[in-house]
Amino acid sequence: MSANLSALFYLLSGILFILALRGLSSPETSRRGNYYGIAGMVISIIVTFLSVSNFGYGFIYVIIFLIIGGLIGSFIAFKIPMTAMPELVAGFHSLVGLAAVFVAISAFLKPDAFSLGVVGNIKLASLIEMSLGAAIGAITFSGSIIAFLKLRGIMSGAPITFKGQHFINLVIGLSIIFLIYYLCRTQASNIFWSLIIISFIVGILLIIPIGGADMPVVISMLNSYSGWAAAGIGFTLENTALIITGALVGSSGAILSYIMCKGMNRSFFNVILGGWGATDQTSSSQSKEQKPVKNGNADDAAFLMKNASSVIIVPGYGMAVAQAQHALREMVDALKKNGVKVSYAIHPVAGRMPGHMNVLLAEANVPYDEVFELEEINNDFSNCDVAYVIGANDVTNPVAKSDPQSPIYGMPVLDVEKSKSVLFVKRSLSPGYAGIDNDLFYRDNTLMLFADAKKMTEEIVKSL
Amino acid sequence: MEIDPFIFRLSIFILSIFVGYYVVWSVTPSLHTPLMSVTNAISSVIIVGAIIAALAGSSESIFETSNIFGFLAIILAAVNIFGGFLVTQRMLQMYKKKKK
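Line by line, the protein sequences give chains A and B.
Quick note: the first sequence uses my numbering, first residue 38, plus one each step.
Quick note: the second sequence uses my numbering, first residue 1053, plus one each step.
Among the hints, a few may not be true.
Derived PhoX-like pairs: lysine-lysine, alpha-carbon spacing no greater than 20 Å straight-line [as the list claims (entries may be wrong)]:
hint, chain 1, residue 1, chain 2, residue 2
1, A, Lys343, A, Lys200
2, A, Lys160, A, Lys343
3, A, Lys374, B, Lys1150
4, A, Lys373, B, Lys1148
5, A, Lys373, B, Lys1150
6, A, Lys373, A, Lys499
7, A, Lys499, A, Lys374
8, A, Lys455, B, Lys1149
It should be emphasised that the hints constitute simulated quantities derived from the structure, not laboratory data.
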């Protein structure tokens, strides 16, 4: 296949990938979008086979390895529970990163196969592109591994900070630039290997100081990195499909990071430089612990909701941890039978990754047109009779609107306290991820339901 | 004077960033998780590079170091392609409208 023809086909794949993302603008078009994405991938792979046109032994091995990887991937895709989606995505990012590193290594070892020159005399531009691709890929790989371990709970979500951390990161960051410069001058393979190893270390150092609550930002950021790594390799291979895809994924991840940061009212740098959970708020929370709270049980909750005309459900990650989403839907079904209007309110940072809560609700067969984003629903709280907060905490804290001293001041929150009554399901009065006491607990219109989210919801269903 | 092909690729890259910017802002927030898994899948088009790496050289020299890195990258990318598209499909299938 001629190089020009295959370049046109790669462009076609790139366009199909754009259409795949475009499809996600609404759930109706999204499934078709996914097929566009698959078509783009199939075209890319076939065109590559035809343009390499080496159908000897190697080809058979390629097919075998493709099938092995495909089987592993399919198995994971079918087995993974929806609650574990953040870990899965982090794990997948690490694979893209490592694949980028491997491709860069083989391009460095055998540049003639990619028509980039010969060993010891690789074209300057190609050398810069492949070392950038390898470095970003390596950072993506090790960073995603750390994110994966933190999300899985294998590693503590607490931020790991030490003295001089930023200084060390700066030094290592500069040394990467330095190494790339020397690599271009000497073409020495030792420098190439050191570059990769140092990049692995940077990835680890970048993610360890970031706390568990900031994981949505981290995952989006690594998503972005995996895109830039792919684009770097795309430049090396002079492949349009890879360049387009890399740019798409890179900007997608960057936008998601921005949305997540805005959802927490924090700057990107503030998140990267780490440690929200590290600042201790213990003094303020201890003094408030004495305030009286109203304590209720399932019967009270059932009575309140049955006699309401509208109820808004505010789910958070706690709901997913307790696996309460199915019980919750049963409760909503029972309420609807009683003629109660029910909708769901979702905060941008509810869950462990962007849009996580929506997937969990969709899994529990909640229709997506009953689920609303913060801006869409926030004005409705003042007209609603009952707000049922299940597994969410910080995102409902009115302190974010009133107390400039609070670390979450300015963060957009759901105006839950404006509804006539608030039912707050929680195990105890302990503060949330941000380590801040929730003012909502002590409001007159709040009834605390101290229990496991799933058990409480099931009991309410029984008494309805 | 002739324009270096690199400049063309850079143009494609920058224009694609803009396309990505506008397309991603139009993605509904409720589909942000599928967005991440599908971007994951499509970025594995890096398998193109892995295939070239794996098949470089003649049939006798198919297991040189550079080929082996290519084969390893094929496995990694294949896990991602199949896993990414299938898990996206699984998620998207769950989004249903209210039954009237």
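- In rising order, the numbers of the hints this structure does not comply with: 1, 2 and 8
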